[in-house]
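Peer 1: Sequence:
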Amino acid sequence: DTSYVLSQSETVVNGNLTFINCYLIYHHYIGPNSEINEFYWFVPNIGMVKNFTKNVEFGVALYRTFLLRNYRLP
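Take the working numbering: the final residue in the sequence shown is number 137, and no numbers are missing along the way.
Source of the hints: derived by calculation from the structure; they are not laboratory data.
One should not assume that every hint holds.
Just the calculated beta-carbon pair ranges, DEER-fashion [said to hold, decoys possible]:
hint, residue 1, residue 2, range
1, Y134, P95, 37 to 43 Å
2, Y67, F129, 29 to 35 Å
3, R135, S97, 20 to 26 Å
4, I93, S70, 20 to 26 Å
5, V76, E101, 27 to 33 Å
6, S70, I99, 18 to 24 Å
7, S72, N133, 20 to 26 Å
8, L69, Y126, 27 to 33 Å
9, P137, G94, 18 to 24 Å
10, L125, S66, 15 to 21 Å
11, K117, G78, 28 to 34 Å
Below, a list of computed lysine to aspartate or glutamate pairs in the EDC-like style, where the Cα atoms sit at most 20 Å apart [as the list claims (entries may be wrong)]:
hint, residue 1, residue 2
12, K117, E98
13, K113, E73
14, K113, E101
15, K117, E101
16, K117, D64
Ideal placement from N, C-alpha and C gives every residue a C-beta, glycine not left out.
Could you put together the complete structure from these sequences and hints?
Peer 2: Now the structure itself:
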């Protein structure tokens with residue numbers, strides 16, 4: 064199980080939202096009959112703005128992408 068920061072200056076564009084200076088965090092897990100590769104784009108004071116996951120279990124791959132569609136700061 065490993066996680067680390069790949070980049071500190073990523074840009075994520077999602078429709079009308081653009082996030083600059085995102086942290087790109089990589090997470091890798093490998094176990095019996097299972098492997099997970101996850102990429103998280105994190106913006107300070109906002110949170111996760113994008114997540115990409117590749118999960119392989121028993122030879123079957125599942126790909127998922129989550130994007131932040133809206134947010135509001137107080």
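Peer 1: State for each hint whether it applies.
Peer 2: So, going through the hints one by one against the coordinates:
| no. | hint | verdict |
| --- | --- | --- |
| 1 | Y134 / P95: 37 to 43 Å | holds, 38 Å |
| 2 | Y67 / F129: 29 to 35 Å | violated, 20 Å |
| 3 | R135 / S97: 20 to 26 Å | violated, 37 Å |
| 4 | I93 / S70: 20 to 26 Å | holds, 23 Å |
| 5 | V76 / E101: 27 to 33 Å | violated, 20 Å |
| 6 | S70 / I99: 18 to 24 Å | holds, 20 Å |
| 7 | S72 / N133: 20 to 26 Å | holds, 24 Å |
| 8 | L69 / Y126: 27 to 33 Å | violated, 19 Å |
| 9 | P137 / G94: 18 to 24 Å | violated, 40 Å |
| 10 | L125 / S66: 15 to 21 Å | holds, 20 Å |
| 11 | K117 / G78: 28 to 34 Å | violated, 23 Å |
| 12 | K117 / E98 | holds, 8 Å |
| 13 | K113 / E73 | holds, 11 Å |
| 14 | K113 / E101 | holds, 11 Å |
| 15 | K117 / E101 | holds, 6 Å |
| 16 | K117 / D64 | holds, 15 Å |
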